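Participant: So you can see what is in the structure, the chains are spelled out below.
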Amino acid sequence: GIQVEQSPPDLILQEGANSTLRCNFSDSVNNLQWFHQNPWGQLINLFYIPSGTKQNGRLSATTVATERYSLLYISSSQTTDSGVYFCAVGTFGNEKLTFGTGTRLTIIP
Amino acid sequence: DAGVTQSPTHLIKTRGQQVTLRCSPKSGHDTVSWYQQALGQGPQFIFQYYEEEERQRGNFPDRFSGHQFPNYSSELNVNALLLGDSALYLCASSLNLLAGNTGELFFGEGSRLTVL
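Protein sequences, first through last, are from chains P and G.
So the first sequence is numbered by the numbering used here: it starts at 1 and just counts up by one.
So the second sequence is numbered by the numbering used here: it starts at 1 and just counts up by one.
Please keep in mind that the hints were generated in silico from the structure rather than gathered at the bench.
All of these numbers come straight from a predicted model, not from anything done at the bench.
Backbone N, C-alpha and C fix where the C-beta goes; we use that ideal spot for every residue, glycine too.
Do not take every clue at face value.
Stated by the list, open to error - Derived CB-CB ranges, DEER-like:
no.: 1; chain 1: P; residue 1: Pro-109; chain 2: G; residue 2: Asn-77; range: 37 to 47 Å
no.: 2; chain 1: P; residue 1: Gly-1; chain 2: G; residue 2: Asn-77; range: 45 to 55 Å
no.: 3; chain 1: P; residue 1: Thr-79; chain 2: G; residue 2: Leu-116; range: 29 to 39 Å
no.: 4; chain 1: P; residue 1: Ile-12; chain 2: G; residue 2: His-67; range: 25 to 35 Å
no.: 5; chain 1: G; residue 1: Leu-98; chain 2: P; residue 2: Pro-39; range: 34 to 44 Å
To be verified - To give an idea of the interface, some chain P residues facing chain G are shown, with a C-beta separation under 10 Å as derived from the structure:
no.: 6; residue: Tyr-69
no.: 7; residue: Phe-86
no.: 8; residue: Ala-88
no.: 9; residue: Gly-93
no.: 10; residue: Leu-97
To be verified - One-sided and incomplete, this derived list gives chain G residues near chain P with beta-carbon spacing under 10 Å:
no.: 11; residue: Thr-31
no.: 12; residue: Ser-33
no.: 13; residue: Gln-37
no.: 14; residue: Gly-40
no.: 15; residue: Phe-45
no.: 16; residue: Glu-51
no.: 17; residue: Arg-55
no.: 18; residue: Phe-64
no.: 19; residue: Ala-92
no.: 20; residue: Ser-94
no.: 21; residue: Gly-108
no.: 22; residue: Leu-116
Work out the full structure: start from the sequences and follow the hints.
Facilitator: This is how it looks when you write it as structure tokens:
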């Protein structure tokens, strides 16, 4: 099956800093989503982005499908951005999502 | 617009018991998927239901079974519980991919199962 790798596994930043999270995948995809898992376990949708670039406030994401990677950018980090960020992908004809191992982001006040 | 709702939020069982978890999809969604998330790991796909039938299944034993009702809500049943079944169980809903939709998933808050 498809392999999904995220980096870095852990990231500790001061409030106000910017960060870039990366997701590499091993096969062509027709679905790619970024999620933020809050301390209570809920997965919050950030982006549906199988290709191209999207922005939502301080967050933006870019997926280069031909090179099989996606990037999530967080600018001017706030303590509420802390948590685990997951990239998840789906392949053609296969509706399940395969998740990466996540990046744990900690924002220090 | 109601999102995905799951119940119960927490539960404790002993080895060998059976458990049923429930999920109501986001309004307008017709497809429900279940995922298991062990501590410190990413969610793993269990199965997906559409039109009251299991359409796709991950690498989970037959102890894990499910059901979808005519109103699109779903249940996950786990029999003969093992210690290793302790996890966060996440339900996700979406629109049918075959109808030309994107397949974007929306998750509930999860049911945290502890097996003693």
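Participant: Look at each hint and say if it fits the structure.
Facilitator: Hint check results:
no.	hint	result
1	Pro-109(P) - Asn-77(G): 37 to 47 Å	holds, 44 Å
2	Gly-1(P) - Asn-77(G): 45 to 55 Å	violated, 25 Å
3	Thr-79(P) - Leu-116(G): 29 to 39 Å	holds, 35 Å
4	Ile-12(P) - His-67(G): 25 to 35 Å	violated, 44 Å
5	Leu-98(G) - Pro-39(P): 34 to 44 Å	holds, 36 Å
6	Tyr-69	violated, 17 Å
7	Phe-86	holds, 6 Å
8	Ala-88	holds, 8 Å
9	Gly-93	holds, 9 Å
10	Leu-97	holds, 6 Å
11	Thr-31	holds, 8 Å
12	Ser-33	holds, 7 Å
13	Gln-37	holds, 8 Å
14	Gly-40	holds, 9 Å
15	Phe-45	holds, 4 Å
16	Glu-51	violated, 13 Å
17	Arg-55	holds, 7 Å
18	Phe-64	violated, 14 Å
19	Ala-92	holds, 8 Å
20	Ser-94	holds, 8 Å
21	Gly-108	holds, 7 Å
22	Leu-116	violated, 20 Å
The structure fails to meet hints 2, 4, 6, 16, 18, 22 from the earlier list, while all remaining hints are met.
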